[in-house]
Amino acid sequence: MDYKFSCQNCHFCCSGSPGYVFLSKDEIIELSNYTGLDFDSFIEIYCRKIDYGMYYMVSLKERDNYDCVFLTKDGCSVYSARPLQCRTYPFWKGIADSVEAWNEEAKSCPGIGKGKKYSAKEADEIMKLRSESYIILKK
Numbered sequence: 020m021d022y023k024f025s026c027q028n029c030h031f032c033c034s035g036s037p038g039y040v041f042l043s044k045d046e047i048i049e050l051s052n053y054t055g056l057d058f059d060s061f062i063e064i065y066c067r068k069i070d071y072g073m074y075y076m077v078s079l080k081e082r083d084n085y086d087c088v089f090l091t092k093d094g095c096s097v098y099s100a101r102p103l104q105c106r107t108y109p110f111w112k113g114i115a116d117s118v119e120a121w122n123e124e125a126k127s128c129p130g131i132g133k134g135k136k137y138s139a140k141e142a143d144e145i146m147k148l149r150s151e152s153y154i155i156l157k158k
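Our numbering puts the first residue of the sequence shown at 20, with every later residue one more than the last.
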């Protein structure tokens, strides 16, 4: 299957419904540098701990309306330092690994079906980028 996608700046992937943007240590360092905060302060202000029983994972906070904490009326306020999860949408497992899921996501994402054509191999390589280690905090 070939995929076509070009971001239309609709911000669907950053808003509207609850979700998680899990962060790696490197992403937290990059975002904390970008925002001018130290590592711990960045986590305290912009992150939440998601309880997975024996450990926590770190995710960006959301506003009450489920928008990403960094989404503004002008778009992403940390765009050049945005996490890999954000940079790789919609090439996520569960979306780009089947025609049915891709077509279902297209109902919500106006960029699917437009722009650059990606081969199945390219889509798979993008999905594999997300296999990096997310930060895990012990209880």
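Everything labelled a hint here was simulated from the structure, so no lab data went into it.
Errors might be hidden in some of the hints.
To be verified - Pairs of lysine-lysine residues, derived as DSS-like cross-links and limited to a Cα-Cα distance of at most 25 Å, are as follows: (1) 44 to 126; (2) 147 to 135; (3) 147 to 44; (4) 92 to 112; (5) 44 to 23; (6) 23 to 126; (7) 112 to 136; (8) 133 to 112; (9) 136 to 126; (10) 92 to 147; (11) 112 to 135; (12) 136 to 23; (13) 80 to 68; (14) 23 to 68; (15) 92 to 80; (16) 112 to 80; (17) 23 to 135; (18) 133 to 147; (19) 112 to 68; (20) 140 to 92; (21) 44 to 136; (22) 133 to 44; (23) 126 to 140; (24) 23 to 133; (25) 136 to 147; (26) 135 to 80; (27) 92 to 136; (28) 23 to 80.
From a predicted model like this one, the values you see are computed outputs, not experimental measurements.
Inset, instruction - Mind checking the alpha carbons of residue 112 and residue 136 for me, to see if they're no more than 25 Å apart? - result: 18 Å, holds
Inset, instruction - Given the hint that residue 136 pairs with residue 23, test it: the Cα-Cα distance must not exceed 25 Å. - result: 4 Å, holds
Legend entry - Distance restraint between residue 23 and residue 133, which requires alpha-carbon spacing of 25 Å or less: 5 Å, holds
Inset, instruction - Take the C-alpha atoms of residue 112 and residue 80, compute the straight-line distance between them, and say whether it is at most 25 Å. - result: OK: residue 112 and residue 80 at ~22 Å, within 25 Å.
Legend entry - Given hint residue 135 paired with residue 23 - CA-CA distance at most 25 Å: 5 Å, holds
Inset, instruction - Take the C-alpha atoms of residue 133 and residue 112, compute the straight-line distance between them, and say whether it is at most 25 Å. - result: Between residue 133 and residue 112 the Cα gap is close to 20 Å, so the pair holds against 25 Å.
Inset, instruction - Given the hint that residue 44 pairs with residue 136, test it: the Cα-Cα distance must not exceed 25 Å. - result: Between residue 44 and residue 136 the Cα gap is close to 32 Å, so the pair fails against 25 Å, i.e. violated.
Inset, instruction - Would you check the hint for residue 135 and residue 80, treating anything up to 25 Å between C-alpha atoms as holding? - result: Distance ~31 Å between residue 135 and residue 80 Cα, so the pair is violated.
Inset, instruction - Verify the proposed pairing of residue 23 with residue 68, using a straight-line Cα cut of 25 Å. - result: 35 Å, violated
Inset, instruction - Would you check the hint for residue 80 and residue 68, treating anything up to 25 Å between C-alpha atoms as holding? - result: Holds, at roughly 9 Å.
Legend entry - 25 Å limit on alpha-carbon distance, applied to hinted pair residue 92 and residue 112: Violated. Residue 92 to residue 112 sits at ~29 Å, over the 25 Å cutoff.
Inset, instruction - Decide if the proposed pair is consistent with the structure: residue 23 and residue 80, CA atoms, cutoff 25 Å inclusive. - result: This hinted pair is violated, its Cα atoms lying about 30 Å apart.
Hints 1, 4, 5, 10, 14, 20, 21, 22, 26, 27, 28, counting from the list given before, are not met by this structure.
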